[in-house]
Amino acid sequence: MTRADSGASQTSEPVIDVSGLNVDISVPAGILHAVSDVSFSVGPAETLSLVGESGCGKTITSLAMMRLLPRSAKLTARHIRFDGMDITNYTEKDMTRLRGNRMGMIFQDPMTSLNPVYRIGDQLEEVYMRHRNASRKEARERASFLLEKVGIINPAQRLTQFPHQLSGGLRQRMMIAMMLMCEPKLLIADEPTTALDVTVQVQILQLLRSLQKEFSMAIVLITHNLGVVARMADKVAIMYAGKVVEQGSVQDVFDRPTHPYTRGLLECIPRHGLTAGHDKLGSIPGIVPSLVGKVTGCSFRNRCLHAEEVCAMRDVALRPVKDNHDYRCLFSPEELAGAREGVAAQ
Amino acid sequence: MSQTELARSAPPAPKGPVEEFTTLAPSPRELMKRRAKSHIGFIVGMSIIVFFCIVAIFAPFLAPHDPYDQNLSARLVDPVWGAKGTWSNIFGTDAFGRDVLSRLMYGARLSLMIGFTAAFIAGVIGVTLGIVGGYFGGKVDAVIVYLINVKLALPVILVALSIASISGGSILVLILVLGLLTWDRYAVVVRSLTQQFRDQEFVLSSLAAGASHARIIFREILPNLTNQIIVVASLDMAIIILIEAALSFLGLGVRPPTPSWGLMVAEARAVMFFKPHLIMVPGAAIFLLVIAINMAGDGIRDVTSPEGRG
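Keeping their order, the protein sequence lines are chains A and B.
Quick note: the first sequence uses the numbering used here, first residue 1, plus one each step.
Quick note: the second sequence uses the numbering used here, first residue 1001, plus one each step.
For the record, the hints were derived by calculation from the structure and aren't laboratory data.
Treat the hints with care, since some could be wrong.
For each label pair, taking beta carbons as the anchor points, the in silico distance ranges come out as [as the list claims (entries may be wrong)]: (1) B:Ile1230 - A:Glu138: 30 to 40 Å; (2) B:Pro1060 - A:Glu148: 56 to 66 Å; (3) A:Leu68 - B:Ser1192: 18 to 28 Å.
If you only want the chain B side, here are some residues facing chain A, beta carbon under 10 Å, derived [unchecked claim]: (4) Phe1136; (5) Glu1201; (6) Phe1202; (7) Ser1205; (8) Ser1206; (9) Leu1207; (10) Ala1209; (11) Ala1211; (12) Ser1212; (13) Asn1224; (14) Thr1226.
Glycine included, each C-beta is placed from N, C-alpha and C at the ideal position.
Model the full assembly from the supplied sequences, consistent with the hints where possible.
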């Protein structure tokens, strides 16, 4: 069974609602438009997956939600509403109160995301003591409770260990536990399983899902693994060159991929029977264009099978395939599908 | 491709909680102890330092005579290995008939005290500037790099000499001057290390857990720098002790009759050809202490090397 079938509640107030997010970074060559016009919302116990290749703005988007962008980056947005409050112009002090308390983030590399000089316990307890004004004893109880939750068998002993004494999978569990200390409403997971080996990946993903159910968290999951998306997410936003090129429920997007890039991505996945020997595995030729300076037209046009002259001239807005399923292309879904079959027929 | 098909392409998940293997690596402290035990330079250096410290602290109880007590009838007595040496003055007496061993012991107090406090002052200044510059970068960093460059361009001994000669050289002034003139090596080391640690993921994840900048600097980055700071501090202390001896020798540091090793060498200059031990004994003390501090400093670097930090 997949996630979308379970029908997570879409009706309640979204935990995070991002609208018209732009992030511009000043680099020596000019202004880099790292993220342009990204909008999405995630409800309680719902998972949104941001998908795209390296450098497409997934991580920048998530850092923007936490307001942890580097100083050279400039953030503008119609609004970033977290739990009903617009945090776009929150001060650093206000954000400090939210981070780790109401919103948490886990990172790709568990080997470096824990401080090597402190025991695990100290790092977990500190978060709780800081945000909840709790005593060391309360924090310790909370920490061992959560370590059990994340599937660690002897928490008391683990809490006294140093990060280098733990394996990668255990460290990622520790990071998850650390971010859950204050029961955040939103958890951002930036490629949480990329640095782990395959069997551990599955355990971590399962863990995230069961914890999500238990604490009714919204999760923003950043990944480039579409298998993970299918397993974990309710909604998916496919990003390309800083823009969302297609977004909707996982079911809609995977069953009826509309944007040429989404189709390309889905064809890059090896499948049983279909790709064995006689057929080449799909790939998308070309590279992501530079985002420095003013970008006009569709940024995917250089790699697109359907590109025509008009693609270079007009900026494209997101348009609906149907309700809650949008794509960013000048051509209609039928045109794209038709042209596709034409190419295939040749 | 359908969603269910994709979901199946991921490997099956095992049932139930899984306890993962962990390395049974000993704790960092354990590893450090092991390395320290087999590091000869560290052991020798540390032993000498500890010996000097004990002598300095307990000088009033250990010294056989009062270091200020002049005895003009027993001037320039030979040391115990000399022709007319006695056990009552093991290192003999100086031109005023004061016991050299006692003065040496009290001199150790002064050298170590000046070394510690001046290195501490330099450390506070240098570490603060280095960590602030390295962490915040940008304009703040540019100002701090400028300050470091200005400091590097100052000739330490010359500046110390001129300030000491203007102010008349009290111990307090000496400590302040040496502290204010040797912070640069801390700043350089700490700044570059901070730049490395600032971009580590644990700093980002602790920001994501709601830590403030001050908290990141003091709780996350500073503890990671302790080892290197201790190494720099030990080397700095050795240099400060040498400069103090040099200034006192030139008559611009500690004023007589306070027992200082540099001063003892200076006072023995007049009689160096027929009583060479008066120069050699304090000279050997300076040499021993400085080389011991250097050995221990190198030892600390080896013992606390990063592989212990996993």
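Tell me, which hint numbers fail for this structure?
none
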